[in-house]
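Starting from the known structure of chain A, fit chain B onto it as the hints suggest.
From first to last, the protein sequence lines stand for chains A and B.
1292 is the number that our numbering gives to position 324 of the first sequence; each next residue is one higher, with no gaps.
1103 is the number that our numbering gives to position 194 of the second sequence; each next residue is one higher, with no gaps.
Rather than coming from a laboratory, the hints here were simulated on the basis of the structure.
Computed from a prediction, not measured in an experiment: that's the story for all the values here.
Here a beta-carbon is modelled for each residue, glycine too, at the ideal position from N, C-alpha and C.
You may find that some hints are simply not true.
[As the list claims (entries may be wrong)] Just a few of them, taken from the derived set where beta-carbon distance is under 7 Å, the chain A residues facing chain B:
1) T1191
2) T1194
3) R1197
4) K1200
5) E1243
The lines below spell out each chain.
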Amino acid sequence: MRRLHAALAVLLAGSMLSLPGSALAQERTVKITGFGAKSGVVRVFGINSEAAMKAAAGEINSKGGITLGDGTKAKFAVDFLDDRCNAEEGISVVRRIASTDAFVAVGPTCSNVAESLFGILQKKVGDASDSGLQFPIIADVAAKGGLAKISEWAFRNVPSEFEMYKSLIAWVKKEHPDLKTMYGGVEKDFAHSNATYGVMKGQAEGAGLQVLGTSEWLLNDTTFSTQVRDMKRANADIVAISAHPFTTCGVLKEMARQGVKPKLLIGLTSSSSIETLQGCAKQAEGIIIPTSFAPVTPEAKLAAEQVAKFGGSADLHSAAAYEIMFILKDVIESQKIMAKPDTVQADRNKMRAGLAALKETKGLLGTVGRTADREAIKPYLYVHAKDGSWQVLHKPTL
Amino acid sequence: MDLLDLIDAVQSVADGVLFGATYSLLGIGFTLIFGVMHKINLSYAAASIGAAYASLLVMSVVQAPAVLAFVAAAAAGGVIGGLVYLVGFRFIPLANPLATLMSTVGLLLLIDEIIVHATDGVPLSYPALFSDVIVQVGPFGLRGDLMFVFALGCVCMVLLLLLLYRTRLGLATRAVSQQPTASLLCGISTTRVNVLTFVITGVVGGIAGAMTGAAIGMLSPLLSLPLTVKGLIVTVIGGLGSIPGAIIAGLIVGGLENAFQFFRGVSERDLYIMLLLFAFLVFRPGGIFAKSSGRD
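Chain A extracted, bound-state conformation (with noise of 0.2 Å):
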């Protein structure tokens, strides 16, 4: 019977032995919920996101973490849901996250996909009649201007593309009053591609250029030919292109075909990755893009080193995911989030108060302003594709 008793102490001591450090001393972890398209044609976007969320947790993580408001630290966490670029699956996706205790959700890739899914979210905050869903979303991508009015707990990290625009066609007029004519191209069938381009040709026509026309083509169209045919015709001075890179490298090697080849040649911020040197690097030669990421200041080359190690690459997308994730650790320790199972709603709460109440944040290019209607006013620079990547062309000052 001694034996017997000895034989179970020394198993009951081994299993304690045994037990992973966190079940003795209960590190907590929070897990962030990211969602956009990690499938289909802007598969890519998604893995960036997810690259760059991770690459932020290990660095929040790295330097001891999060603290809760219950005085205990925690690690992130991040998981990553795959919305299809579709806004049905994006609603159902994020139903998904808040029916568990998650506090707030970082995503979409779409803008088609936040502009339905800020929709079914309560659009005043308080507003008993409202039996929209109480949960906060921050939208890494979505680009499509004036999203996050659609509802009180929707929050955007994403450039204003009608700042930047307007700053680089004036900046344009500045540096090249030669310069008196502007032809347009543009992805029709794309939201994004699409309200940019009225932005361009907005700016454009505000700041004195004549536009002479505009070619529209589809998103997965296989000839430009008569559309770069119409473009040669006009001989315009700037060539302003809104498409995402499958589109803009196509209309680019038809121009390079047709010897069309403007003074200057403006691209969508979108097109500032890699996929377009990927595609057509020697016809992109000269676009000057404006873009609120590039590898310039120490944050963002540690931040694009990071995301690199996780399988993405660092652009002015995936940038804002990694920002949000530092903003999010600011908002759970100004606002004591808890991150409780008891305390969900109270959290969610929290954390909108907290989002909603930023006057600014840290960004990788400097400080990001925030809106009253819950937009972000971040800092831009202009890149121009050379010698095969992008490089630095202007900072303009803020």
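This is chain B only, laid out in the frame that chain A set:
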């Protein structure tokens, strides 16, 4: 319309006709499989693009001249074609037309998603031959790369017709297509003919995928769906099972697409192509070369 407009319109149509050679090849693939098995293989265009991607993989490993991309795409297309038959047809009850149709829809999505996962959906540059060559014919300029694509398409079509009408395999294929039971009684293995049909159409599809990549200068998973639609339209307009019909229909669709683009713009272009499809389905369901009595 002034003279410049007229020149541009003709030029657009000419470009479209040259690019239409890729549609013709895709249409041939669809129509050949339908002719032999009386099945529509909806994964055909996706498999063709998959083959073109595979050729890029080969080119990244082997430093070879750009023309070898077409050879690699053809070889990869043949392999993928065989696999498509194995997965989507071999073990599916052929008597149920819906079963094979759905299996090819599944394969379309599967191939597309494999490409997306392998490339993260990032468009990749595809080598083009003669892309710097422009042949001036009066006021018109004919793109060297499109002319090469067109010529290659024509060579493929001639070779395919020779294969079908001048070889024993072609004879067996036509026999299975026309009288499957009788050909079985004559000792022809329908399974073997079916496999070979998929491999041959896969080879043609691989070349079509490479031609598409070369003509655009890029490859993207975005291409699968529009090319599937174009291939089906060409097959219907050309007449299900008619190779000469598919050839002519491909060129017509390519030319009309650019003509509608020129005159009516991008937002209406596809509308007219679809109307053309419906017009054929209603008034000439047997396709271009069908006798007018073919309806009902």
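Those earlier numbered hints the structure runs against, lowest number first: 4
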